[in-house]
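Asks: The chain contents come next:
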Amino acid sequence: MSENFNHAQIIKDPDDNYKILGTRPVRHDGVDKVTGRAIYGNDVQLQGLVEGAILRSPEAHARILSIDTSEAEAHPGVLAVTTSADFPDLGDKIANLGEGPVNLAHLAANCLAKDKVLYKGHAVAAVAAQNAHIAREALDLIKVEYEPLPIVTDVLEAMKDGAPLLHEGLLTNLVPGGEKAEAPSNISDHHHFKRGDTEAAFEAAHIVVEREFTTQTVHQGYIEPHVATAHWNQDGQLTVWASTQGSFSAREQTSEVLQIPISKVKVIPCEIGGGFGGKIPIYLEPVAAVLSRKCGRPVKIQMTRDGVFEGTGPTPASFMRIKLGVDEAGKMTAGEAWLAYDTGAFPGGVIGPGVMCVFSCYDIEHAHIDGYDVCVNKPWTKAYRAPGSTHVAYAVESVVDELAEKLEMDPIDLRLLNAAREGTKRVDGPVYPRIGLIETLEAAKNHDHYKSPLEGPNRGRGVAAGFWFNIGLKSAATAHVNADGTVTLLEGSTDIGGTRTSISMQLAETLGIAAEDINPKVADTDSVGYTDITGGSRVTFATGLAAVEVGKDIISQMKERAAKLWECEAADVEFSDGIFSQGDNSISFKELCAKLSRTGGLITARASVDPQGFTNGFGVHICDLEVDVETGKVQILRYTALQDAGKAIHPSYVEGQLQGGSVQGIGWALNEEYLFDEKGHMLNPTMLDYRMPTALDVPMIDTVIIEVPNPSHPFGVRGVGETPIVPPPGAIANAVKSATGIRMTELPMSPPRVHSAITEDGNGAS
Amino acid sequence: MAIVHVPPQMQKLTGGLTEVEAEGDSLRRLVSNLDTAYPGFKDRLIKDDLVAPGLAISIDNVVTSRGIFAEVLQDSVIHIIPAISGGR
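These protein sequences, in sequence, are chains E and G.
Counting in my numbering, the first sequence runs from 169 upward without gaps.
Counting in my numbering, the second sequence runs from 761 upward without gaps.
Same shape as in the complex, but just chain E (with noise of 0.2 Å):
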């Protein structure tokens, strides 16, 4: 039924004018990505290389005893073993590296346990053998003596008094800028925002909404597991090929671990498989180096899909209150949030941006939130598209859903009656600039999807609004001017979505020159200036601003060469659409370029920005579905993603987010889940039983994106990635309420559990 329906709508800034912008050229790594020849980590191949294997713990919880590794060294095949004892002791100390502070000592733990496992899974030793299978025999020769103790899963019970503590010393931060509890508990920080006073405005106001939600384990289902490859060299240089988000945070995290000075480590990005927040974090990597400097030989090391569900960091479970009250305009006049989330086996979760984001999309005078990161034996969460805001969305947009109903008002016009806009200050107190949430709801409002009817038994259609912040951190770039008229473009952001076309695209359209006339190489750490992660839908925005400053520092200095060429001053040469000229003389880019080696050599440029002008991204969402009140399975007919994405660079790339996006988004809503039993293992750690959505699932997600330019950004960036993943769950959510009249208030909203709500002895509340 989507052939009728517009996939690729664009509602434009009027003055936008670009020439290159908004076009959607050939990704320039397209040839050898469809070719197969790009190369992922799997593919690194050096001489001598040998592969590893990681032995992971049976215990959820477990003091080590002893940890006997000489069988396995004695093993036919076997080159080196490692455990924990091979790192250095890092103490508390805690490093900055780049998104933040880390507790090194954690980082370390996470990736060979120390003294205690705390979840099933957790990586204890590591052996590195002629090829992977005796690697795999070898684990098995590791003989780990371990002490199991009482295990906590489950968020609510592992704040409560008594409950088994992960961290004997763990004392809750309050958060942000408070004391230290006095008592050790699993719960590692409390954050606390107040504004005005809710108890007067819940008593006032006319409808008052309370709900409880509960969300379950996640993960980001990367297609590619992770994988490192380490040589460390006789000469003390370790060189690292990963798969990995950041080549310069895995380069400090590398560095940190094994306290190397970090000029000792190179790290050369390979292509990503995908990442979504969880591949910031090094797992693989310092181990990978251990085991080379124990063998002398370059190791591989590739993760199972076992290892990916049970080792990495997923996205917390969580347990949530959400209470909104309106007046009888269905003006929101208080809100009170009240959300814990797991943070897994260490502390430092995502409840940071969970608490700023609950009521962002929203005006509310009065409100009150508490956020609690908890920790439990489950794998360290890490983030996941939006951090911590699809959680919140999820439980608030619910509750607006409900008010609406209550209201009898149209549910996009009491978002519209309340959305924040430019001046609107957020609960935790920053005042939004300027922000496309209004014109994004209307663009929704007057969307053929949300005006055409919606007919049949158990069908229905729900909307929801999601937030993310976007961020900015540090970018470079450096390009080399060819004799042909080409540019050579480095830059260091690992490419996710399409970013070399992005990034290029803004050179291109500074220069005057063709998209194709870039040549992007996403290079090594020693090769180009620090770069910040690929995250925080960051890339287009400053390594895209990087590549801007590039292309002035390029102009500027041709500018010189065509003065030099008509013996005049260079502040007298104008440049404009790729045309350099100064009087009756005119020379174009290309044609200066030919040049460039008879006056003065050819050119290289540089730019290197930390830009503060980051700004927010807001999504509308609009689904319809129909459920099987026989089996409880929920089917998608209809899904349209809004948002307001500032200057749409490539649009194909901006819708591939929205729909990737909002594919995850339907993925976390419908069943995607980590299933644990009474011990604490992983029931269903394989793409089989932990089901993702694939192209059977869901329809054509139709897009629109909404162009309202970021004025701190010369092109209008805002960043597109992470906001599609919000919306969903409680734009379907909203939508089974309309089908079958019942609110879901725990996700995923799996057959089982739809099924057991329709027969009124399950979790759903009607």
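Certain hints may be false.
[Stated by the list, open to error] The calculated lysine to aspartate or glutamate pairs, modelled on EDC-like cross-linking and capped at a C-alpha distance of 16 Å, are:
#, chain 1, residue 1, chain 2, residue 2
1, G, Lys807, E, Glu347
2, E, Lys758, E, Glu737
3, E, Lys905, E, Asp745
4, E, Lys491, E, Glu533
5, E, Lys362, E, Asp531
6, G, Lys772, E, Asp685
7, E, Lys905, E, Glu570
8, G, Lys802, E, Glu347
9, E, Lys689, E, Asp197
10, E, Lys758, E, Asp857
11, E, Lys905, E, Asp796
12, G, Lys807, E, Asp260
13, E, Lys499, E, Glu573
14, E, Lys348, G, Asp803
15, E, Lys491, E, Glu347
16, E, Lys491, E, Glu607
17, E, Lys763, E, Glu735
18, E, Lys261, G, Asp835
19, E, Lys362, G, Glu779
20, E, Lys593, G, Asp803
21, E, Lys491, E, Asp538
22, E, Lys187, E, Asp685
23, E, Lys491, E, Glu570
24, E, Lys593, E, Glu496
25, E, Lys261, G, Glu779
26, E, Lys574, E, Glu496
27, E, Lys284, E, Glu325
[Stated by the list, open to error] Between beta-carbon pairs, the in silico distance windows are:
#, chain 1, residue 1, chain 2, residue 2, range
28, G, Gly800, E, Ala368, 27 to 33 Å
29, E, Lys328, G, Thr778, 39 to 45 Å
30, G, Lys772, E, Asn401, 33 to 39 Å
31, E, Ile375, G, Gly800, 50 to 56 Å
[Stated by the list, open to error] Simulated coverage check for chain E against chain G, where a stretch passes if three residues somewhere in it have a Cβ under 8 Å from a Cβ of chain G:
#, segment
32, 333-345
33, 360-373
34, 464-473
35, 631-645
36, 650-660
37, 772-784
Simulated from the structure, these hints should not be mistaken for lab results.
Note that this is a predicted model, so its numbers are computed, not measured.
Every residue gets a Cβ at the ideal spot worked out from N, C-alpha and C, and that includes glycine.
Place chain G on chain E using the hints.
Replies: This is chain G only, laid out in the frame that chain E set:
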């Protein structure tokens, strides 16, 4: 003078004040002056010359990545908020 919004968890230090004024053309100087007026502020915000783990500083509605060296203007508005990081 810059205005610093004091989050609830720090209001014990300011005797319950939700916002205070402070001088300083950098975050380092501003926090140092705050610490003189409200002892304990620096310990809570800065660890080893870095913004404390889990925290971020918003200056004029932009979360700064420049830590204690971030520029503060005479009329800047400062918020102390959680860090946006995906696990640390």
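Asks: Going back to the hint list, which numbers does this structure go against?
Replies: Violated: hints 2, 3, 6, 10, 15, 16, 18, 20, 24, 25, 27, 29, 30, 31, 34 and 36.
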